[in-house]
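Build the full structure now, drawing on both the sequences and the hints.
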Amino acid sequence: MERFQSGLFRRIVLIHMLQALVLSITGIVDSVIVGQFWEAEGLAGMKLAMPVFSILLMVGSILSTGLSVQVTKFLAKGKRAEANQCFVWVCMSATAISLILTLAAILIPDTITGFFADYTEDVILYEDVKAYLIPILTGNLVVIMQIVLSGVAALEGADRRLTASIAVILVSDIIGDLIAVYLDAGIRGIAIASVAAYLCTCLVLGGQLLSGKTIFHIGRPHMVKGMLTAVLITGFPMAVRFMGEFIYPMAVNRMMLHYGSINGLAALSIQDAVRYMPLALGEGVMTATLLLTGMFAAEHDMEALRRERRDILRCCTINGSVLAVILALAAPLIVKLFTKDYMLQELSASAFRWYLLGVPFMCFNLSVRAYLQGLDKQKEASILTLINQLALPVLITLLLGRYWGVPGIFAAFAVHEIVLAIGFACLQYVMRRNGRSFSDAAALGRLIAEIRGDITTLEQVTEASEKVIGLCRENGVDNRQAYNIGLCLEELAANSLLHGFKDDREKYMEYRFIIIGRWLILRLRDNGRPFDLTERYKLLDPDDPASGMGLRIVFAAAENVNYSHAFDLNNVCIRVLKQSSREKTEKQ
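Those letters in the sequence shown? Residues 2 to 589, by the working numbering.
Honestly, I wouldn't trust all of these hints.
Below, in silico cross-link-like pairs of lysine-lysine (BS3-like), each with a Cα-Cα straight-line distance of 30 Å or less [as the list claims (entries may be wrong)]:
no.	residue 1	residue 2
1	74	378
2	579	74
3	74	380
4	468	579
FRET-style restraints, in silico, Cβ to Cβ [claimed, not checked]:
no.	residue 1	residue 2	range
5	427	396	10 to 20 Å
6	168	419	31 to 41 Å
7	458	7	14 to 24 Å
To be clear, the hints were calculated from the coordinates, so they are not data collected in a lab. Virtual Cβ for every residue (Gly too), placed ideally from N, Cα, C.
Quick look at the structure:
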């Protein structure tokens, strides 16, 4: 059970890390080609225009994060129709926002370019910014939808679809860049190639929606009260994050031009390109934390949350440190890909090594924010994001840049991540001393008793049923109700073992039973074939009581039965209102 949860965490981290890594590789390829063919001026132009991606990532991440959290909650409660409506409204919102940005790029291109580059007097640099910026804004819909559709694929556990999309965006971007070089299209051609690559990956991710093999589909929107508001509120911390990533680079660009030179700006452009390699790990940990925290919190599973926190800390410290050391050793070789200028190579290697010092702390800070979002603590997550992405880095960059110049600007990222991680660790220590924890929000009520375990054989099914019945009796639950709960576990677990595993994959089944407040809650999770027992129950013939006897027993015993298929796992949750032996005697 514990091993499988850690494996699930690592699997989600890996797939999203690979996705972010491939996106970073496309950025590296773009920067390498621009640096080799259009040199420092081209790199500086890309650096000034690059904050536009923060705007698009902000829109896509708000919608994707809000969608992921809300859909996880809907599926945990068995509300698949509401989950699909959430997806439909997110797609409509993305299209509306994209239309506004596209019209702005077409109608007022000079005004937009001036916003990004009005503080440079270099005419060639200004034109390079415009050449890269406008095509990206014109084709912004595919950038936004790639983020949304990737989140949908992650929710469904569609690893193959995500892997295919990763390969497609990498290959198509490289081909597009080579065509741009062949046609001598400049950095405008590089920008168009990036948009085309995002379009190709959207076709791969979105093609599944048309096949009918997914829980989501495009249909007529039906407004559910508060749904879109909940999505936006849940995703608001991402707005704060990417707004910070938009404002902060622009502030750094201004400071670099003030304290440094075009070469300093080009070095930052190279740093921006290669930093996505370690950032990919942070994005993977953050996504896994967000998705799993939302699921565990909806199930009020405090033990799973505790194990998840341990997995987060281990991944950030060990994996983050190892990755940082490897990249630091390889830095001189990496920067040679971008430029032939020896001085610029030295400057870029220094900038990258300073960045790498903060990688383990960056991963930790990203996961903390995602953990708070998963617990539905949007206010705390927004405050942490504002401090992490804007207030603290701008303040530290101003101070270090003023006193140490260019090296201070390079070191500012690592310093602010370290300061924030230490600050949060101190806050957590104080809260624990006072008997409080951020995870308290996940508790449904007073936990009276809990039992959990793994099931891989029919003998273990019987043992688990007996343990659940015994726990009920120990806590005053009516004997017949206790027997019914045990029978539900037996019927569902045995059916899954006998009919749910037809391939060679390793069998995994976990049960968890809790008595919390006035509720008896049984949850079963397995990695077998999808089987929606709620839909199957609706198809039973009412005139044939012998058919589907197991399902009839389950639905007769429970007040509420929910099924969801997320992360390639079947999840069944049965809720029964507790009836004690004393209450039954008084009624009789």
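Against the structure, the hints come out as follows:
1. 74 / 378: holds (14 Å)
2. 579 / 74: holds (23 Å)
3. 74 / 380: Answer holds: residue 74 to residue 380 is near 19 Å, not above 30 Å.
4. 468 / 579: holds (17 Å)
5. 427 / 396: 10 to 20 Å: Holds, since residue 427 and residue 396 (Cβ atoms, about 19 Å apart) stay within the stated range.
6. 168 / 419: 31 to 41 Å: holds (36 Å)
7. 458 / 7: 14 to 24 Å: holds (23 Å)
This entry satisfies every hint, going by the numbered hints stated previously.
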